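Visitor: Sequences and hints are given; from them, build the entire structure.
Single-letter residue listing:
Number of protein chains: 2
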Amino acid sequence: MNRILIIGAGRSSPYLIKYLLEQASECDWEITVGDLSLDLAEAGVGDHPNGRAIQFDVTDASQREIEITKADVVVSMLPPLMHFDVAMDCVRLKKHLVTASYVSDELEALDEEAKKSGVVLLNEIGVDPGLDHLSCMKIIEDISTSGGKIQSFESFTGGLIAPESDNNPWNYKFTWNPRNVVLAGQGGVKFIQEGMYKYIPYHKVFSRIEKLTIPEFGIFEGYANRDSLKYREVYGLENIPTLYRGTLRRPGFCKAWDLFVQLGATDDSYVMENSENMTHREFINSFLFYNAGNSVELKAAYHLGIGIESDELDKLKWLGIFDDTAVGLKNATPAQILQHILEKKWNLDSDDKDMIVMLHRVYYELDGQAKELNSHLIVIGEDPTFTAMAKTVGLPLGIATKLVMTGEIKTPGVQLPISKEIYDPALSQLKEYGINFEETTLNV
Amino acid sequence: MNRILIIGAGRSSPYLIKYLLEQASECDWEITVGDLSLDLAEAGVGDHPNGRAIQFDVTDASQREIEITKADVVVSMLPPLMHFDVAMDCVRLKKHLVTASYVSDELEALDEEAKKSGVVLLNEIGVDPGLDHLSCMKIIEDISTSGGKIQSFESFTGGLIAPESDNNPWNYKFTWNPRNVVLAGQGGVKFIQEGMYKYIPYHKVFSRIEKLTIPEFGIFEGYANRDSLKYREVYGLENIPTLYRGTLRRPGFCKAWDLFVQLGATDDSYVMENSENMTHREFINSFLFYNAGNSVELKAAYHLGIGIESDELDKLKWLGIFDDTAVGLKNATPAQILQHILEKKWNLDSDDKDMIVMLHRVYYELDGQAKELNSHLIVIGEDPTFTAMAKTVGLPLGIATKLVMTGEIKTPGVQLPISKEIYDPALSQLKEYGINFEETTLNV
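These protein sequence lines are chains R and G, in that order.
Per our numbering, residue 82 is the first one in the first sequence, and the count goes up by one each step.
Per our numbering, residue 82 is the first one in the second sequence, and the count goes up by one each step.
Calculated directly from the structure, the hints in this document are not laboratory data.
Since the model is a prediction, treat every value here as computed from it, not as a measurement.
Please note: incorrect hints may appear among the correct ones.
One copy or any two copies: either way a pair holds, since identical chains are not told apart in the list.
[Stated by the list, open to error] Listed below are the simulated EDC-like cross-link pairs for lysine to aspartate or glutamate, each with C-alpha atoms no more than 20 Å apart in a straight line:
| no. | residue 1 | residue 2 |
| --- | --- | --- |
| 1 | K426 | E393 |
| 2 | K271 | E354 |
| 3 | K311 | E354 |
| 4 | K380 | E275 |
| 5 | K411 | E363 |
| 6 | K336 | D392 |
| 7 | K271 | E357 |
| 8 | K271 | E363 |
| 9 | K380 | E291 |
| 10 | K99 | D464 |
| 11 | K491 | D153 |
| 12 | K452 | E275 |
| 13 | K99 | E513 |
| 14 | K219 | E205 |
| 15 | K196 | D170 |
| 16 | K398 | D247 |
Guide: Next comes the structure, spelled out in structure tokens:
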């Protein structure tokens, strides 16, 4: 095997492409990078002798077949909903596939055929999901090998702004897909705590948070992810009393974000009347009761139960949501309008750096002694192209792709990176690139 | 035309069947009542010489065709999702159809063909929708005929327990489909007030309520219905500054119901783990934070921001939600479990009577004078079969069916009861059956 096809040269691809081109020199591989934008693909490849940039339209079935036929392993960086056609072709043409996305039901349905054809369909090998799987499985394996029994596993990830670029009252900027940030928590949350199932409806997710400290990086807060329960099976922790996965923000973010949730401003289920001609101020006012005598600010503070001089209201004001600026979006949902307003303020400056934070906190018992393990990772981006997000997504993907190319990953079918054959070599190679977890264990 | 087919002899049909059988004696009609349960159909028809009871399975296409072919007008009392096959047959076989349900998109799509075939498809002619349309259109027509200009139209309906049977702290029992009560408000609310669009997310619907008084019947509270905006077009009030439709409860209901919403106990979007073996108490506990030292009652009071001795907590306790009683439902959603618990307490006793309350409040200007019109209707049920709900659903349906039979309603296509040809005769006949609005107008 010596030919790799990378589909998609967008924001998450720079490190992936760089890594695989480096390996290509050594291993004598040919790397094709395809993107709808030939410029993007060319920028990724540069003048590397082992690289080829092409304009690639994944909806063009014949081009898809031609390019996939030429490859041994395909890496799909497409949005999750667009993987499926590629996956079908891969199974049919007997080519391995690597993606950073969650396994969809339709992809899962290809498992049997992939097994029959000896095709590896490796998914969830970016940062979250991806790096979380690798590092969690390593911790779980280490503890159970030593004879320990895990009581509680909590795992948090955050895509944040680096301390040196953190200069707004939210301590937050969009370092990744803004839409996912605006819709986070919708549908509510489930997890298990001390053997009891717990459910949090969407409108309570951002008020039931946890404070977490990382040495040298200070305090964070975590809110719960959608479904922690399914990870019991994925991680082989079927009988664990406590399993909780969450997302990290800086302190104060959740309380202020919750105001948008309480207003209904994150709703994506209906289109607002006359959204095109609405101002930011009118957008917020549409969620408040009618009272001709009061300002929108006062009504908002009263409705939300916060002070007119509070930090939370200051955070809202800083975003410009009370301004008479036109929204200018046609037939938009509240979530789309809110995202549009936020993107004016939470955008990255040209010299801003992002930061990926991951934290695992595990309680277990070993030889009658209760123990607490903390493991954390901090990755700071280099610049707006070589971001921490691109690094923590791209390197696990690249390394996994190499392991598939070299035959070290070879179990066919729909796979997650949870077996020793993947996480051991992947974690040790990631270490060389500065993606390294700091682990401490103490008796409690 | 002299043959009517009534499909469905359930809780909403007694008055409809009774009314049409009375008319049948006079007009020499034949009435066929079909239900999956032959017993129910026979109980409805009794030994009336003009009536025929049959066992009827609406999913049996051949029986459907046979029976619809025999009829001139079909009245479908089926659940909303089951009307469509009947409607298709009616259009194809050129038979008129009358229902009490909202017009679905797929039914709306039959409009053109129904018009071509000269078939009347009359919908939304029960109580709400139905009686509300009739009475609203009459008020709107009266005001505009007199030269008045409507500024604000608010309309409320409630299916409640009659004062003589009102003996629980919620002042509420299920007098109709409990599932609709549990899911009410989900998806949020939209309306227009003083020319401004207003949106309320689901988790705020039951805290933004309005108090309303009806002479001799006391105080009610109203919460907003899903979408008031669409009624601007239906009622020909395109430029009205304020339009609001709501549902009535007795005071205190909404504040206590809101506790279930805040907990997440009305969620119908996911199945709870191990619901079969869960107790009422565990059900509530699953929405509360983990704290081994505190009772579920205390955690609930704290979480919900209410006193441990408050009326609201007493209302919850009275429902038995803190009891160690098994739920016993397999793979159930929170909403299904909550409904199950409520049905043990909010059921009608054998001598209970229900009550329908409708209230319209209209502000308009006439000759430079601001005016307020209040129009209300109270209907008390006779017994658990001949309920106020069955009466206010069945009589508008029956009367409309007669008007179709006699050719007074003849405009083909998908119709709502908003034209004078329907509401004038319908309202005057309903008066004879004690369904009568009391109207007062005052200068403001």
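Visitor: Now tell me, hint by hint, if it's right for this structure.
Guide: Hint-by-hint comparison with the structure:
For a Cα distance limit of 20 Å, the shortest separation of K426 from E393 inside one copy, 16 Å, qualifies, whereas the shortest one across copies, 42 Å, does not. When the C-alpha separation of K271 and E354 is checked against a cutoff of 20 Å, the pair qualifies only between copies, where the shortest distance is 10 Å, while the shortest distance within a copy is 34 Å. In this homomeric assembly, K311 and E354 come within 20 Å of each other (Cα to Cα) only across copies, at 11 Å, whereas the closest approach inside a single copy is 39 Å. Only between protomers do K380 and E275 lie at most 20 Å apart by alpha-carbon distance; the minimum there is 16 Å, versus 41 Å within a single protomer.
With identical chains, the CA atoms of K411 and E363 are at most 20 Å apart within one copy only, with a shortest distance of 15 Å there and 46 Å across copies. For a Cα distance limit of 20 Å, the shortest separation of K336 from D392 inside one copy, 10 Å, qualifies, whereas the shortest one across copies, 29 Å, does not. In this assembly of identical chains, K271 and E357 lie within 20 Å of each other by CA distance solely across copies; the values are 18 Å between and 37 Å within a copy. For the identical chains of this complex, K271 and E363 are inter-copy neighbours only, at 15 Å across copies versus 35 Å inside a copy, given an alpha-carbon limit of 20 Å.
With identical chains, the CA atoms of K380 and E291 are at most 20 Å apart between copies only, with a shortest distance of 18 Å across copies and 29 Å within one. For a Cα distance limit of 20 Å, the shortest separation of K99 from D464 inside one copy, 15 Å, qualifies, whereas the shortest one across copies, 79 Å, does not. Taking the closest pair of Cα atoms, K491 and D153 come within 20 Å of each other only inside a single copy of the chain (13 Å); across copies the shortest separation is 70 Å, beyond that limit. For the identical chains of this complex, K452 and E275 are intra-copy neighbours only, at 16 Å inside a copy versus 62 Å across copies, given an alpha-carbon limit of 20 Å.
In this homomeric assembly, K99 and E513 come within 20 Å of each other (Cα to Cα) only inside a single copy, at 15 Å, whereas the closest approach across copies is 84 Å. For the homomeric pair K219 and E205, the shortest alpha-carbon distance inside one copy (16 Å) is at most 20 Å, but the shortest distance between copies (62 Å) is not. When the C-alpha separation of K196 and D170 is checked against a cutoff of 20 Å, the pair qualifies only within one copy, where the shortest distance is 14 Å, while the shortest distance between copies is 49 Å. In this homomeric assembly, K398 and D247 come within 20 Å of each other (Cα to Cα) only inside a single copy, at 18 Å, whereas the closest approach across copies is 49 Å.
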